[in-house]
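There are 2 protein chains.
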Amino acid sequence: MIIKSAQDIGKIVKEARKKQNFTQVQLAQLSNVGTRFLSDLENGKPTCEIDKVIKVLANLGIKLEVTNG
Amino acid sequence: MIIKSAQDIGKIVKEARKKQNFTQVQLAQLSNVGTRFLSDLENGKPTCEIDKVIKVLANLGIKLEVTNG
DNA sequence: AGCAATTATTCCCGAACGGGAATAATAAGT
DNA sequence: ACTTATTATTCCCGTTCGGGAATAATTGCT
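These protein sequence lines are chains A and B, in that order. Just so you know, we're using numbering that gives the first Met the number 0 here: the first sequence kicks off at 0 and counts up by one. Just so you know, we're using numbering that gives the first Met the number 0 here: the second sequence kicks off at 0 and counts up by one.
Not one of these hints is a red herring.
Remember, identical chains collapse to one label, so a pair may be satisfied in a single copy or spanning two.
With a straight-line Cα cutoff of 27 Å, these simulated BS3-like cross-link-like pairs (lysine-lysine) come out:
| hint | residue 1 | residue 2 |
| --- | --- | --- |
| 1 | 44 | 17 |
| 2 | 62 | 18 |
| 3 | 54 | 18 |
| 4 | 44 | 18 |
| 5 | 10 | 54 |
| 6 | 17 | 62 |
| 7 | 44 | 62 |
| 8 | 51 | 62 |
| 9 | 10 | 44 |
| 10 | 51 | 3 |
| 11 | 54 | 13 |
| 12 | 3 | 13 |
| 13 | 13 | 44 |
Rather than coming from a laboratory, the hints here were simulated on the basis of the structure.
Sequences are here, hints too, so could you generate the full structure?
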């Protein structure tokens with residue numbers, strides 16, 4: 000899926016987390032972030048810090064890729 | 000290219016920007032971010048805010064994609 | 001080498017991040 | 001419906017982001 004906004008990432012995270020039967024608390028601990036952060040992220044907060052986002056994605060087995068035209 | 004850290008994104012941005020003959024000032028104005036932000040981003044600052052990163056990538060024509068195993 | 005252009009770093013500072021915890025709201029299960 | 005689990009929202013608060021501008025450092029060009 001192509002990412003155009005923070006909201007897109009939030010959706011992805013939420014879906015993947017549920018599919019893997021993680022609670023926010025579990026995934027947060029796993030990723031070394033707070034539960035507040037994870038909730039914010041899943042709800043599309045546009046100012047989440049990039050490395051934390053990357054860590055969460057990694058812990059869900061989601062690959063992040065860039066393609067240059 | 001697969002993104003594993005903020006530094007990866009920084010490299011991508013810097014390379015793409017140079018390839019398109021943009022200065023940091025130009026790209027920053029285009030993306031509605033400060034030049035400081037762009038410099039930080041290219042140097043792999045891990046706390047850059049996600050939506051600003053996305054905007055910069057978009058203005059370079061770089062597509063950001065996630066792939067769920 | 002020397003000059004101009006670009007980039008990196010520092011400063012000030014308002015605004016907001018994110019952690020933790022408590023509370024409210026929502027979803028889920030019996 | 002009721003209870004429990006999960007998630008969202010609010011609060012306090014230390015820390016830091018990011019803009020803008022100035023300065024240092026680096027790069028590029030002739």
